[in-house]
Amino acid sequence: MSSEKMTIIIDGVQVEATEGQTVLEAAAEAGIYIPHLCHQKELPPGGHCRICTVKINGRPASSCTFPVSEGLVIENDTEEMNAMRRAIVEMLFVEGNHYCPSCEASGNCELQAMGYRLGMINPEYPHLEPKIQIDASHHDVFIDRNRCILCGRCARASVQLDGKRVFGFDGRGLGTRIAVNAAGGLGDTNMSAEDRAASICPTGCLRVKGHGPDIPVGARAYDSTPIGSDIEQKQTVS
Amino acid sequence: MAVEQASIIAGIAERFGRSPARLIDVARAAHAELGYLSEESMGLIAEALGVERVQVRDAVSFYHFFEREPRGRSVVYLCNAVVERMKGADEVVKAFEEATGVSMGETTSDGAISLAHTACIGLSDQAPSALVNGVPLTNLKPSDVPMIVETLRKGEDVSSLPQAKVTMNLLKRGNVVFSDMDPGAALGKALSLTQVELINEMTVSRLRGRGGAGFPTSMKWNFCRTAKGEAHYVVCNADEGEPGTFKDRVILTECPDLVFEGMTVAGYAIGAKKGFLYLRAEYEYMLADLEAVLAKRREAGLLGKHILGKDFEFDIRIQMGAGAYICGEESALIESLEGKRGAPRDRPPFPVQKGYRNQPTSVNNVETLCCAARIVEKGGAWFAAMGHRDSKGTKALSISGDCERPGVYEVDYGITIRELLDMVGAHDVQAVQVGGPSGQCIGPDAFGRRICFDDLATGGSIIIFGADRDLLEYMRQFTEFFTEESCGWCVPCRVGTTLLLKEYEKILEGSGTKSDLEALKKLGTTVKTMSRCGLGQTAANPILTTIQNFPGLYEARIKADEFIPPFDLAKALEEGCAVTGRNPDLEEKDV
Numbered sequence: 001m002s003s004e005k006m007t008i009i010i011d012g013v014q015v016e017a018t019e020g021q022t023v024l025e026a027a028a029e030a031g032i033y034i035p036h037l038c039h040q041k042e043l044p045p046g047g048h049c050r051i052c053t054v055k056i057n058g059r060p061a062s063s064c065t066f067p068v069s070e071g072l073v074i075e076n077d078t079e080e081m082n083a084m085r086r087a088i089v090e091m092l093f094v095e096g097n098h099y100c101p102s103c104e105a106s107g108n109c110e111l112q113a114m115g116y117r118l119g120m121i122n123p124e125y126p127h128l129e130p131k132i133q134i135d136a137s138h139h140d141v142f143i144d145r146n147r148c149i150l151c152g153r154c155a156r157a158s159v160q161l162d163g164k165r166v167f168g169f170d171g172r173g174l175g176t177r178i179a180v181n182a183a184g185g186l187g188d189t190n191m192s193a194e195d196r197a198a199s200i201c202p203t204g205c206l207r208v209k210g211h212g213p214d215i216p217v218g219a220r221a222y223d224s225t226p227i228g229s230d231i232e233q234k235q236t237v238s
Numbered sequence: 001m002a003v004e005q006a007s008i009i010a011g012i013a014e015r016f017g018r019s020p021a022r023l024i025d026v027a028r029a030a031h032a033e034l035g036y037l038s039e040e041s042m043g044l045i046a047e048a049l050g051v052e053r054v055q056v057r058d059a060v061s062f063y064h065f066f067e068r069e070p071r072g073r074s075v076v077y078l079c080n081a082v083v084e085r086m087k088g089a090d091e092v093v094k095a096f097e098e099a100t101g102v103s104m105g106e107t108t109s110d111g112a113i114s115l116a117h118t119a120c121i122g123l124s125d126q127a128p129s130a131l132v133n134g135v136p137l138t139n140l141k142p143s144d145v146p147m148i149v150e151t152l153r154k155g156e157d158v159s160s161l162p163q164a165k166v167t168m169n170l171l172k173r174g175n176v177v178f179s180d181m182d183p184g185a186a187l188g189k190a191l192s193l194t195q196v197e198l199i200n201e202m203t204v205s206r207l208r209g210r211g212g213a214g215f216p217t218s219m220k221w222n223f224c225r226t227a228k229g230e231a232h233y234v235v236c237n238a239d240e241g242e243p244g245t246f247k248d249r250v251i252l253t254e255c256p257d258l259v260f261e262g263m264t265v266a267g268y269a270i271g272a273k274k275g276f277l278y279l280r281a282e283y284e285y286m287l288a289d290l291e292a293v294l295a296k297r298r299e300a301g302l303l304g305k306h307i308l309g310k311d312f313e314f315d316i317r318i319q320m321g322a323g324a325y326i327c328g329e330e331s332a333l334i335e336s337l338e339g340k341r342g343a344p345r346d347r348p349p350f351p352v353q354k355g356y357r358n359q360p361t362s363v364n365n366v367e368t369l370c371c372a373a374r375i376v377e378k379g380g381a382w383f384a385a386m387g388h389r390d391s392k393g394t395k396a397l398s399i400s401g402d403c404e405r406p407g408v409y410e411v412d413y414g415i416t417i418r419e420l421l422d423m424v425g426a427h428d429v430q431a432v433q434v435g436g437p438s439g440q441c442i443g444p445d446a447f448g449r450r451i452c453f454d455d456l457a458t459g460g461s462i463i464i465f466g467a468d469r470d471l472l473e474y475m476r477q478f479t480e481f482f483t484e485e486s487c488g489w490c491v492p493c494r495v496g497t498t499l500l501l502k503e504y505e506k507i508l509e510g511s512g513t514k515s516d517l518e519a520l521k522k523l524g525t526t527v528k529t530m531s532r533c534g535l536g537q538t539a540a541n542p543i544l545t546t547i548q549n550f551p552g553l554y555e556a557r558i559k560a561d562e563f564i565p566p567f568d569l570a571k572a573l574e575e576g577c578a579v580t581g582r583n584p585d586l587e588e589k590d591v
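For the record, the sequence lines run as chains A and B. Counting in the numbering used here, the first sequence tops out at residue 238, every number present. Counting in the numbering used here, the second sequence tops out at residue 591, every number present.
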């Protein structure tokens, strides 16, 4: 692939981009954070959460999948887009059963951090309270689907980074669940706690066993700076 | 049994070349043979195709017609689409429940019959309807049911029943799709042109896609032709699932030759050797006839190598679906064609760049391909002389609901809704749903509007609601349809459609306020803006277009209060009060 340079415009700011990048990647390289949950930079995009939706030349599109081209005009940090992103985060909170105070991921949870960043106070929507089974069949790793946001990171990581295929989806619509590659539970798969998939979950759904909240409050990832700060700190444009 | 099952599945997989891309076919055949796909069956399929079990589960669990639990020897799929329910489907359901002694979703204790719901099966013009072991039963009355159940209990075939009859109801033939054709005429002409000349003819005709989106066919073909790839593919989208649409059923029955001719012409235009017709599972009863037409065309030298003696090779395979409305979306259809769950892809890249097996693929609607064949035969100018402004040619409409003559009508573009209602014998009309639930619902003040791409665009579904219908209840049913058909891939559609339904039900139950209506609009806009594909982007349309066009109906339902909590204390206490013999505090109850 050639590495032709081009210019795109994000919220009125000219940003240099390289052919082959996605809008989200080009923005991140320039220190502009486009909120996203299902995307993870080690993985190909999934296009699940839609939080990274921006307006590209006036039309909404997911920035994690959209390739850059010369002169794209992008609306990212606008009241309209942020309100809709917040609505999506609220949808995720009512879709599952998320108990932040008792969750080991609290403070390091990207979903929780996204709620804070986007100014979510409390979901406006009714909680759907699904009844969900926990899979603790594996010796070292558990899946608590109550906290699953179906970002598909574990499934992509298992294939792309671990060379396995431990995860997939089951069902459709609201009944969609993360599935494992076994007739029984995760314990019957070739999952290992060392797999990248075991530590790539943005929430507390897929976790290595034997760890409580190891890091004290105050020292957790999003305690003092909001999610996306790492990207914004390297800002090259103003 | 285990050994037997293993050999059955191994045999099926062998028939499909052990190709993972044929996973849907293998699963369909195994399902037909075994009655359902157990955990064990999925494991065996995975083994036979050399894929992981989770890949089989990923695909199989997605489709409506794949059962994963044992079911009755016969499964009665009762259609619960809106028009079906307008025509008495609920009473038919009740009659089935009475005659079998089980509820919907259950199986009789003798294992003979299971009852299940299914979305629109393309028979809204002869509703209520059902699919029993793949056989369509139409114009059902509750009084028919005992005899049908008796037949099934005895294990007899339902195809000989008087209800097992699909009427064409082709009530108006236009000059394009439903006029006489001579197989090979268009193809012969096409092969005398260069690819560029052929596509130029499409440009002159100004043909636009008939699925509803209206993308210019010449552009699509040209993009596809010039896109680099190891192979190019033509796909005919015969997954018509938009509730209230059945024109493809009639086209595929009345003029299959024209459809295949159009596909072959498209193949020549874009440089493809292979075409697929993706047929929705509900239309399996047409498969044998369609295969016979293909065989005849192969014999006549209209398919295969050296078509019409020229240096052009092209053949067509029919791919059956397995029950998923979303597969009508072109990229979801391609995923399904590759043997996977029908989850749409993000675009770009578009299918014309990277479609089937990541190769340039032109996905066209059944009717578009018919038009294309005609255009080659009779010329682009002939076609462009028909229609209205930027909408040239004719449109096959599926018209159903409250009218005297439901059926398929091929009309010139530009017909007004008023003319259309006169044509089908509809009186005292409250509303017309144009383009199915993903389209828009309009009232009498808009009946002067025209069917065309610039005004009322439609893939063909027209549903008429008479004056005495509870319009908003049908909008609720449309919304429910989207919750059931959402693929689940993206959050705004997966969760948003259910939240829309819940919020909408609150309003219909009479506990909604002005602020609820505002919240509903906001939610609808979020789902529309943020969803990944057309399903989510249009799922709020029944709600949003009726709020806009029928504000009075909503004002009559909402309360003057600023806010009513969704939680009804008195209702929640009802059961406990009944058990303990106490009276709920009626002071709290909103009356």
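Some hints here could point you the wrong way.
Claimed, not checked - Derived lysine to aspartate or glutamate pairs resembling EDC-like cross-links, with alpha carbons at most 20 Å apart:
{"hint": "1", "chain 1": "B", "residue 1": "K522", "chain 2": "A", "residue 2": "E79"}
{"hint": "2", "chain 1": "A", "residue 1": "K55", "chain 2": "A", "residue 2": "E29"}
{"hint": "3", "chain 1": "A", "residue 1": "K55", "chain 2": "B", "residue 2": "E484"}
{"hint": "4", "chain 1": "A", "residue 1": "K41", "chain 2": "B", "residue 2": "E484"}
{"hint": "5", "chain 1": "B", "residue 1": "K528", "chain 2": "A", "residue 2": "E80"}
{"hint": "6", "chain 1": "A", "residue 1": "K131", "chain 2": "B", "residue 2": "D346"}
{"hint": "7", "chain 1": "B", "residue 1": "K228", "chain 2": "A", "residue 2": "E19"}
{"hint": "8", "chain 1": "B", "residue 1": "K528", "chain 2": "A", "residue 2": "E29"}
Unchecked claim - Some but not every residue of chain A turned toward chain B, in silico, with C-beta under 10 Å:
{"hint": "9", "residue": "E124"}
{"hint": "10", "residue": "I149"}
{"hint": "11", "residue": "R177"}
Everything labelled a hint here was simulated from the structure, so no lab data went into it. Note that beta-carbon positions come from the ideal geometry of N, C-alpha and C, so glycine has one too.
Tell me if the straight-line CA distance from A:K55 to A:E29 falls inside 20 Å. Holds, at roughly 19 Å.
Given the hinted pair B:K228 and A:E19, is their alpha-carbon gap at most 20 Å? The given pair, whose Cα atoms are some 18 Å apart, holds under the 20 Å limit.
With a cut-off of 20 Å on the C-alpha distance, tell me whether B:K528 and A:E80 pass. Holds, because 13 Å separates the two Cα atoms, which is no more than 20 Å.
Hint validation: A:E124 versus chain B, beta carbon distance must be below 10 Å. Holds or violated? Constraint on A:E124 satisfied, holds at 7 Å.
Next pair to validate is A:K131 with B:D346; report whether the Cα-Cα distance is within 20 Å. Given pair A:K131, B:D346 is violated - Cα atoms ~31 Å apart, limit 20 Å.
Take the C-alpha atoms of A:K41 and B:E484, compute the straight-line distance between them, and say whether it is at most 20 Å. violated (33 Å)
Does A:E29 sit within 20 Å of B:K528, going by the straight-line distance between their CA atoms? Violated. B:K528 to A:E29 sits at ~30 Å, over the 20 Å cutoff.
Given the hint that A:K55 pairs with B:E484, does the C-alpha gap stay at or below 20 Å? violated (28 Å)
For a C-alpha distance cap of 20 Å, please report whether B:K522 and A:E79 respect it. holds (14 Å)
The hint names A:I149 as touching chain B; please verify it with the least Cβ-Cβ distance against 10 Å. holds (8 Å)
Does A:R177 pass the interface hint, meaning its C-beta sits closer than 10 Å to a C-beta of chain B? holds (9 Å)
Taken one by one, the earlier hints fail for this structure at numbers 3, 4, 6 and 8, listed in ascending order.
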